[in-house]
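S.K.: Take a look at the letters that make up each chain.
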Amino acid sequence: MKSFTYERPGTPAEAAAAMAQRPDAKFIAGGTNLLDLMKLQVEAPSHLVDVNGLGLDAIEETPEGGLRIGALVRNTDLAADDRVRRDYGVLARALLAGATGQLRNQATTAGNLLQRTRCPYFYDTAQACNKRQPGSGCSALDGVSRQLAVIGGSDACIATNPSDMAVAMRVLDATVETVDAGGTGRTIPIAAFHRLPGDEPERDTVLKHDELITAVTLPKPLGGVQVYRKVRDRASYAFALVSVAVVIQPDGTGRVAFGGLAHKPWRVEAAEGELPRGPKATASAALAGAAPTPDNAFKLTLAERTLGAALKQARA
Amino acid sequence: MKFDTPAGQNPIDRLRVVGCPTDRIDGKYKTTGTAAYAYERHDVADHQAYGYVLGATIPKGRVRAVDTAAAKAAAGVIAVVTTLDVPKLGLGTMNYASLFGGDRIQHYHQAVAVVVAETFEQARAASFLVRIDYAPEAGRFDLAAEAPHAPPAKADSGEGSGADGAERVGDFEGAFAQAPVQLDATYTTSDESHAMMEPHATIAAWDGDRLTLWTSNQMIAWAKGSIAKILGIPKQNVRVDSPYIGGGFGGKLFVRADAVLAALAAKAAGRPVKVALTRPLVANNTTHRPATIQRVRIGATRDGTITAIAHESVSGNVPGGVPETAVDQTKLLYAGANRLTALRLAELDLPEGNAMRAPGEAPGMLALEVAMDEMASMLGIDPVEFRIRNDTQVDPNQPDRPFSHRDLVGCLRLGAERFGWAARNPAPGQARDGQWLVGMGVAAGFRNNLVMKSAARVRLDAAGTVTVETDMTDIGTGSYTIIAQTAAEMMGVPLDRVVVRLGDSDHPAAAGSGGQWGANSATAGVYAACTKLREAVAQRLGINSADADFAGGEVRAGNLSVPLAQAAQAGELVAEDAMEYGDLAKRQQQSTFAGHFVEVGVDVDTAEVRVRRMLAVCAAGRILNPKSARSQVIGGMTMGVGAALMEKLSVDKKRGFFVNHDLAGYEVPVHADIPHQEVIFLDEVDPTSSPMKAKGVGELGLCGVGAAVANAITHATGIRVRDFPLTLDKLLAQMPDAA
Chain A
1 MKSFTYERPG TPAEAAAAMA QRPDAKFIAG GTNLLDLMKL QVEAPSHLVD
51 VNGLGLDAIE ETPEGGLRIG ALVRNTDLAA DDRVRRDYGV LARALLAGAT
101 GQLRNQATTA GNLLQRTRCP YFYDTAQACN KRQPGSGCSA LDGVSRQLAV
151 IGGSDACIAT NPSDMAVAMR VLDATVETVD AGGTGRTIPI AAFHRLPGDE
201 PERDTVLKHD ELITAVTLPK PLGGVQVYRK VRDRASYAFA LVSVAVVIQP
251 DGTGRVAFGG LAHKPWRVEA AEGELPRGPK ATASAALAGA APTPDNAFKL
301 TLAERTLGAA LKQARA
Chain B
1 MKFDTPAGQN PIDRLRVVGC PTDRIDGKYK TTGTAAYAYE RHDVADHQAY
51 GYVLGATIPK GRVRAVDTAA AKAAAGVIAV VTTLDVPKLG LGTMNYASLF
101 GGDRIQHYHQ AVAVVVAETF EQARAASFLV RIDYAPEAGR FDLAAEAPHA
151 PPAKADSGEG SGADGAERVG DFEGAFAQAP VQLDATYTTS DESHAMMEPH
201 ATIAAWDGDR LTLWTSNQMI AWAKGSIAKI LGIPKQNVRV DSPYIGGGFG
251 GKLFVRADAV LAALAAKAAG RPVKVALTRP LVANNTTHRP ATIQRVRIGA
301 TRDGTITAIA HESVSGNVPG GVPETAVDQT KLLYAGANRL TALRLAELDL
351 PEGNAMRAPG EAPGMLALEV AMDEMASMLG IDPVEFRIRN DTQVDPNQPD
401 RPFSHRDLVG CLRLGAERFG WAARNPAPGQ ARDGQWLVGM GVAAGFRNNL
451 VMKSAARVRL DAAGTVTVET DMTDIGTGSY TIIAQTAAEM MGVPLDRVVV
501 RLGDSDHPAA AGSGGQWGAN SATAGVYAAC TKLREAVAQR LGINSADADF
551 AGGEVRAGNL SVPLAQAAQA GELVAEDAME YGDLAKRQQQ STFAGHFVEV
601 GVDVDTAEVR VRRMLAVCAA GRILNPKSAR SQVIGGMTMG VGAALMEKLS
651 VDKKRGFFVN HDLAGYEVPV HADIPHQEVI FLDEVDPTSS PMKAKGVGEL
701 GLCGVGAAVA NAITHATGIR VRDFPLTLDK LLAQMPDAA
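Chains as they are written, first to last, in our numbering: chain A, 1 to 316; chain B, 1 to 739.
You may find that some hints are simply not true.
Quick list of in silico lysine to aspartate or glutamate cross-link-like pairs, EDC-like style, CA-CA up to 20 Å [what the hints assert, rightly or not]:
1. B:88 with B:118
2. B:653 with A:142
3. A:280 with B:137
4. B:654 with A:57
5. B:653 with A:295
Simulated from the structure, these hints should not be mistaken for laboratory data.
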């Protein structure tokens, strides 16, 4: 860990302004990912802007009938919220499938969206990684890639996004609210929030350096049966090999997003029309163009079968 | 005391304290955070500085130059010692990869420097400023690629499982060719990491030319000798102290880089230095259980009598290293007139492979006991019955050499009864519980019992307190408690009158913790010392020791009854002795046995495997403390689930290192993976093992259980996977159509 300076601003505008002054600064909220990365010097900010004093910890109903979730609402609190449990079950289930009770107590809504990949080469500073050190290459391409992306990757990066929550947010069409140092706010659809790696894998999201997430908003409830099915090598405290978030309506139509497959939660709206025809048709439409490695080709079969399991559960 | 004839009646047989389920006497210290582990021993030396170890970032080659200027100038830095600052150091006993010194790099994360600073954070930050110029060389990292030309090996694991390159009885090839039913199958197991909770850690301090290490080590006498050898200093100038150990599993049998670099750093800094290996270094800097490729051939008659059995294994290691002795159990577990076992060893440029809990048997039983299940299936015989049919009461290699006591059949029969085996449909893929395909599997458990010389000193003071001093270690196993129970039984005092001091090399040398020999051997050493103390007490009290009964805090003889403490009124009584062994273990084979029964569910869609029930029935001589013995067995069963389902150090075969070098990437079972585990100990004694009549259980719980998991998966699904761990990707392609 490199030495760093630290400040704790009182308003979102001050926080964004503090970032604008320091190109080498990072926001810190729960710190469950950033601190680990700093200890390994995967991240080495020389200034931290602590956003824990900003409030932003309420869950409010919106005029449109949705929910506005403050950026600092802890994962535990979000998963336990009665409105979330009643109307957005897929989100509560995804949250509880992630990490551990201790981590969820600390981790925030915005921080969860910003957690970095778990690619082992990203974590080992002796190895080439374009995400950690742009231009250094990608050791994962011909290395151990069992956990890594099967679709949407590039020659520069095949990392996956590790978040469970983000997969549920994607299937629910959440929007991300931000403010920058100039006081300008914007609303980013979750679909456009996370990036594919392309030739800039160091950029996980479309956020600008001085842009602070203030809230994540859920549209009005979708109804339907909501399932989050996470498949991993052990029963708890592991990142997904594949996960599936589905919302299925009584008429058999619905939505599906996948985790563990790509650099971002993977949802292809055009494929959702296939849902009434079953998992095979849906998965093959959603995963068309996949380019797995020999290590992770099994994820394509697993994604289809996990979707099948989720659909069975939804229709049971 | 010499143990060379089977034990007769002795004070231990009273079982007033020994044999009773007893809470561990160190439990309250551990649960209240007052048991100080190596890195937390703030009080043992003043002005402790912090050392941070740098690992090499190439797997093979040379260090051309090290630039430490920026690191030395960094805040708080006291000293930097690099591998070029010292000549290549010697190797410790039974170690094969250099720990430090010189310019050669043998494996990834080999220690190349230690940075010493006033705080841990300063040392760590400065370590990133050390610039190392490497000359990398091509290496060999792929066992499967090296295996075809790996030469035969002769080996001893250091834990008693000594396997020759090849051992033959009868005519295996001829008998196998003629066998009406033949199995020829190859199994692979993965590299595994000890992944103990407490990483390797040491505080080192020099007083002139005398070195003290407060460390975390399973084998104190070995550590003392090895550190002296590595540093080139006289053994008598070294003290090693390791009273509490946060898990070892064989990873702390040996002196590792933390101890060596703490010593060198303390010298350079001129003050005590503490060093802990970071979690990533545990995987690649220390030792691991090596991967194996094992071929098992079994020939049998149609009625299920084995006529030919062969087990061959190839593993890899650093040049000069030893093979994983995965074939040893196959020499002893089943009958069969024609036999072959063989080991081959490939040179690899990966980190050093060495002992991990039940070296040899842990991976070897995965192969053998799956092969037995496959053979039973081919024969159409129940797998419990097939094993029973091929039981042997003698060493099959030397039929005039019996087992001292062997009740594998009893383990299997009782286990089958308790587990509800009779209700199992022999056909696979038939049982269903909602989304789960359900299956039951069985395997034998087998691990040899080893006896090791072990010494202790016992003191009796005027207050009647009995104090035991020995360098025996407690790696979480319960050594403190069984040693206290032994002394209490021998001296006739309650448990709370006994104080136990362990892990200090100034104490008499004990057997140490390894190879599941610790419990029986260390308590036998305490038995010997207590026997001597009883004589001293009797003499002091003017009683014939043969007539004396030590009970209820008193010494009784005839009508005489004297408080034990009275013997020490004129001064503390001290007795020291060791238990040494004759050739009983040579004349009779001492082994421990188990029947492992497992029920699994396999998700019909995703092929996720979840263990639903586990039972181990163990036959391991007298159980000294059923409570801590059960803990040992369920810990072994849990580790077996890990080996069967998830544990694997993933090798980057191009870059030459274990990629998943943290506890997020190297998965071991968590609570949610482990169901209720039942353990039954058969009520037995083995008078040939020691006066304690006990045998080891610390590894028995692991040996075979992974195969029972694998066999249960096959029973659930009809799918046989021979490549461990059995992760769901290996099952998926053969799973029934789920749609």
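S.K.: Regarding the pair residue 653 (chain B) and residue 295 (chain A), is the alpha-carbon distance no greater than 20 Å?
M.R.: Holds, at about 13 Å.
S.K.: Residue 654 (chain B) and residue 57 (chain A): Cα distance at most 20 Å?
M.R.: violated (47 Å)
S.K.: Starting from residue 88 (chain B), check that the Cα of residue 118 (chain B) is at most 20 Å away, please.
M.R.: violated (28 Å)
S.K.: Does residue 137 (chain B) sit within 20 Å of residue 280 (chain A), going by the straight-line distance between their CA atoms?
M.R.: violated (48 Å)
S.K.: Given the hinted pair residue 653 (chain B) and residue 142 (chain A), is their Cα-Cα distance within 20 Å?
M.R.: Status holds; Cα separation ~9 Å.
Of the hints listed earlier, those the structure fails to meet are numbers 1, 3, 4, in rising order.
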